[in-house]
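Novice: Its first residue numbered 386, the sequence shown is counted upward by one per residue in our numbering.
Since the hints were made in silico from the structure, they are not lab data. Don't take every hint at face value.
Said to hold, decoys possible - Calculated pairs, DSS-like style, for lysine-lysine (alpha carbon to alpha carbon, straight line, at most 27 Å):
hint, residue 1, residue 2
1, Lys-407, Lys-456
2, Lys-392, Lys-424
3, Lys-460, Lys-424
4, Lys-407, Lys-460
5, Lys-424, Lys-456
6, Lys-392, Lys-452
7, Lys-407, Lys-452
8, Lys-424, Lys-407
9, Lys-392, Lys-460
Please read all numbers here as calculations on a predicted model, not as lab measurements.
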Amino acid sequence: EERSILKQHDVRVAHNPISNLKLGSGIADVVSLLDAGIKVGVATDGVASNNNFDMFEEMRTAALLQKGIYKDATKFPAQTALAMATRMG
386 EERSILKQHD VRVAHNPISN LKLGSGIADV VSLLDAGIKV GVATDGVASN NNFDMFEEMR
446 TAALLQKGIY KDATKFPAQT ALAMATRMG
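All chains, full assembly: derive it from the sequences and hints.
Specialist: Structural data, given as structure tokens:
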């Protein structure tokens, strides 16, 4: 499985939620990556695929997407989004 390979090689994943939405490239299952022990950082990507570089908007969007995927308002707390934008990223 891909997650085990990522974990084995200590690969870090960059999550660009607004860019992914704008480009229609899908929604990453960040919760499953984190549960597998993979470090995920949140980022803004570039101006061609994002209208701004607002990290707070990226953190909020990342959290809301995961809550929506799992249909669980408690699934992705603000602390996780902040950690992804700082120490995990």
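Novice: Hint by hint, note whether the structure agrees.
Specialist: Taking the hints in turn, this is what the structure says about them:
no.: 1; hint: Lys-407 <-> Lys-456; in the structure: holds, 22 Å
no.: 2; hint: Lys-392 <-> Lys-424; in the structure: holds, 9 Å
no.: 3; hint: Lys-460 <-> Lys-424; in the structure: holds, 17 Å
no.: 4; hint: Lys-407 <-> Lys-460; in the structure: holds, 24 Å
no.: 5; hint: Lys-424 <-> Lys-456; in the structure: holds, 23 Å
no.: 6; hint: Lys-392 <-> Lys-452; in the structure: holds, 24 Å
no.: 7; hint: Lys-407 <-> Lys-452; in the structure: holds, 19 Å
no.: 8; hint: Lys-424 <-> Lys-407; in the structure: holds, 24 Å
no.: 9; hint: Lys-392 <-> Lys-460; in the structure: holds, 22 Å
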